[in-house]
Amino acid sequence: MKFNINLKNTLIVILASLALTACATQKSGKMTSDIYTGSDTVEYLATGVKDRVFFATNKSTLTTAARDSLRKQAAWMRKKSKVSVTVEGHADERGTREYNLALGEKRANSVKDYLMTYGISGNRISVVSYGKERPVNSGSTPLAWSQNRRSVTVKVD
Amino acid sequence: MNRLILIITFLFTFNSTAFSLVEVDITRGNLEPLPIAVSPLYVEPGSKDIKQNEKIIKNVGDEISKVIEVNFRRSGLFNPLKKESFVQNPDIAHVKPRFEDWRLIKTQALITGKVLVTDDKIRVEFRLWDVIAAKEILALAFSTTPNNWRRVAHIISDKVYQRLTGEEGYFDTRIIYVSETGEKTQRYKKLAIMDQDGANVKYLTLGNELVLTPRFSPKNQLVTYMSYFRNLPRVYLLDIETGVQEVVGDFPGMTFAPRFSPDGKKIIMSFAKNGNSDIYTMHLETREVEKITEHTSIDTSPSYSPDGKYICFNSDRSGLQQIYVMRSDGSNVKRITFGKGLYGTPVWSPRGDLIAFTKVHRGKFFIGVMRPDGSGERLLTENFYQEAPSWSPNGRVLIFYRETKSDSEGKGFSAKLWSIDLTGYNERLIKTETDGSDPSWSSLLSK
Numbered sequence: 011m012k013f014n015i016n017l018k019n020t021l022i023v024i025l026a027s028l029a030l031t032a033c034a035t036q037k038s039g040k041m042t043s044d045i046y047t048g049s050d051t052v053e054y055l056a057t058g059v060k061d062r063v064f065f066a067t068n069k070s071t072l073t074t075a076a077r078d079s080l081r082k083q084a085a086w087m088r089k090k091s092k093v094s095v096t097v098e099g100h101a102d103e104r105g106t107r108e109y110n111l112a113l114g115e116k117r118a119n120s121v122k123d124y125l126m127t128y129g130i131s132g133n134r135i136s137v138v139s140y141g142k143e144r145p146v147n148s149g150s151t152p153l154a155w156s157q158n159r160r161s162v163t164v165k166v167d
Numbered sequence: 002m003n004r005l006i007l008i009i010t011f012l013f014t015f016n017s018t019a020f021s022l023v024e025v026d027i028t029r030g031n032l033e034p035l036p037i038a039v040s041p042l043y044v045e046p047g048s049k050d051i052k053q054n055e056k057i058i059k060n061v062g063d064e065i066s067k068v069i070e071v072n073f074r075r076s077g078l079f080n081p082l083k084k085e086s087f088v089q090n091p092d093i094a095h096v097k098p099r100f101e102d103w104r105l106i107k108t109q110a111l112i113t114g115k116v117l118v119t120d121d122k123i124r125v126e127f128r129l130w131d132v133i134a135a136k137e138i139l140a141l142a143f144s145t146t147p148n149n150w151r152r153v154a155h156i157i158s159d160k161v162y163q164r165l166t167g168e169e170g171y172f173d174t175r176i177i178y179v180s181e182t183g184e185k186t187q188r189y190k191k192l193a194i195m196d197q198d199g200a201n202v203k204y205l206t207l208g209n210e211l212v213l214t215p216r217f218s219p220k221n222q223l224v225t226y227m228s229y230f231r232n233l234p235r236v237y238l239l240d241i242e243t244g245v246q247e248v249v250g251d252f253p254g255m256t257f258a259p260r261f262s263p264d265g266k267k268i269i270m271s272f273a274k275n276g277n278s279d280i281y282t283m284h285l286e287t288r289e290v291e292k293i294t295e296h297t298s299i300d301t302s303p304s305y306s307p308d309g310k311y312i313c314f315n316s317d318r319s320g321l322q323q324i325y326v327m328r329s330d331g332s333n334v335k336r337i338t339f340g341k342g343l344y345g346t347p348v349w350s351p352r353g354d355l356i357a358f359t360k361v362h363r364g365k366f367f368i369g370v371m372r373p374d375g376s377g378e379r380l381l382t383e384n385f386y387q388e389a390p391s392w393s394p395n396g397r398v399l400i401f402y403r404e405t406k407s408d409s410e411g412k413g414f415s416a417k418l419w420s421i422d423l424t425g426y427n428e429r430l431i432k433t434e435t436d437g438s439d440p441s442w443s444s445l446l447s448k
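Chains B and P, in that order, give the protein sequences. Quick note on the numbering used here: the first sequence kicks off at 11 and runs consecutively. Quick note on the numbering used here: the second sequence kicks off at 2 and runs consecutively.
These aren't lab readings, by the way, just hints derived from the structure by calculation. On a predicted model such as this, the values are computed, not experimentally measured, just so you know. The beta carbon of each residue, even a glycine, is placed where N, CA and C say it ideally should be. Treat each hint with caution, since some may be false.
One side only, chain P facing chain B, incomplete, derived with CB under 8 angstroms [claimed, not checked]: (1) S86; (2) V88; (3) L117; (4) D120; (5) P234; (6) S302; (7) S306; (8) G345; (9) F414.
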């Protein structure tokens, strides 16, 4: 009898945690505080070199994960010495248009600055801000907004 | 845009300066709009039809009265009565109304008029009657080209509005905005212009490049806006009469958030360089560039006071978006918003007494107004997303845009233009052919 109850509780806990994991994967992606940590929208400049990093609301500071991605971008650019890039800065739809343009520019430049500290010449990096004009996820949810608060490094032909 | 040639004749008016009983109280809300009868204008015998584009307008007198009625209804201050209840023929009413009959349908004011259309001219005469005091209180006549008949209707609306409220009207005006089509992730945006009532829409760009935030010059037919032409986001100047466009200044980076100075001689805008946005002005004749703010944080959305002495703007120097006011040379910067939430898009009223803004608080967007010292904050409307208020030239109405929620496929998304009265009443959708955003109101076209 007692054993049974314990078993039941354990089962409930296991089922509950299964449900949680299912939720997280189903919602396609994860967030830590409000920074996107998943890779659903991410594309690759080369094997293992992610093209984008994500930001917190109204912030342009680089997270640990963002710096890690950018060091890989820098390493890739050092190898491909003829490649130039444009860093696009983007914001989510939850801000006023003009402020978001400025914020996107600030985000793109914090990426550019970081790449430059890893030895990439500023001449090889241009920046452009799109503000909230080019979201990657059309949804009006915190997860969609976190995917849209991003900078994307695009190879220039 | 063919320029309006307008001849205004003052008709003989009885006691035009005398005290009249009809008056609209515009300081309160618009709880009891004034009943007004707009009699169809009498079309004089021998008048021609008006051919406009593909349309033929047979009874322009009727059409003019309809445009006036729509203007008045939308203002929220007037209640135009149904024409079926009218008791007198337009021609006789225009000569001498039987006031006791008009009183029966509970109207307090009456507009009558007559029109004569020849091949190249339309002549319109109208009178405004105080039904309670039983007398004429305004009479004017206009001559212009027949295609301008809608403008005649707007000018009549303005004259009547001014006579009854004591304030300048805003009907003979236009709105420039961004027309939007396509997927949310890849919107096509064109500059569009229309009359204040939504008529006569024209598209000014083709949609090949992203365009944002057009703003009228308060003095002439120039517009300043931002374009991503050749993927270089810059502030541009457009002459809407000639179609000539030019980039404003020679800045090595993004320029955005442009507006004119009240005299129309300068553009004030943000210039972003190395991750920092500051406010600059450029004189359009001398090309002289002046840096107005110098701060490591974001400074944007500048707007002059109507006397040109002050500038309100948006900055996150305190950590989050707030509104600041400074002298127009950049000195004496003062933060004016201390309420809960974020504040953006400050824009100074043409009367000078208020600043309109967007406020973001607890996931909601508000359009509000406050005094230039930050006191007396009043929130007029709350929604999921709305921003970018622009004042009617008389400082009475705000136009802005509103976006709706959507799912990850973009379903449910829309961007629409809305207007609201300064009192917080009379919120209205402004119908446009496509979605729209970033509206800017022109000055009165004829003064």
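Going down the list of hints, with the structure as the test:
Here the hint on P:S86 is broken, as its CB sits about 47 angstroms from the closest CB of chain B, past 8 angstroms. For the restraint placing P:V88 at the interface with chain B, the shortest Cβ-Cβ distance is roughly 52 angstroms, beyond the 8 angstroms limit, so the hint is violated. Hint status for P:L117: violated, given a least beta-carbon distance of 48 angstroms to chain B, over 8 angstroms. The criterion of a C-beta within 8 angstroms of any C-beta in chain B is not met by P:D120, whose closest approach is roughly 48 angstroms, and the hint is violated.
At a threshold of 8 angstroms, the smallest CB-CB gap from P:P234 to chain B is about 7 angstroms, leaving the interface hint in force. A least Cβ separation of about 5 angstroms between P:S302 and chain B falls short of the 8 angstroms threshold, and the interface hint therefore holds. With a least beta-carbon distance of about 19 angstroms to chain B, the hint placing P:S306 at the interface is violated under the 8 angstroms criterion. A distance limit of 8 angstroms between C-beta atoms decides the matter here; for P:G345 the minimum to chain B is near 4 angstroms, and the interface restraint holds.
This hint holds: P:F414 has a C-beta 7 angstroms from the nearest C-beta of chain B, less than the 8 angstroms allowed.
Comparing the model with each earlier hint shows violations of hints 1, 2, 3, 4, 7; every other hint is respected.
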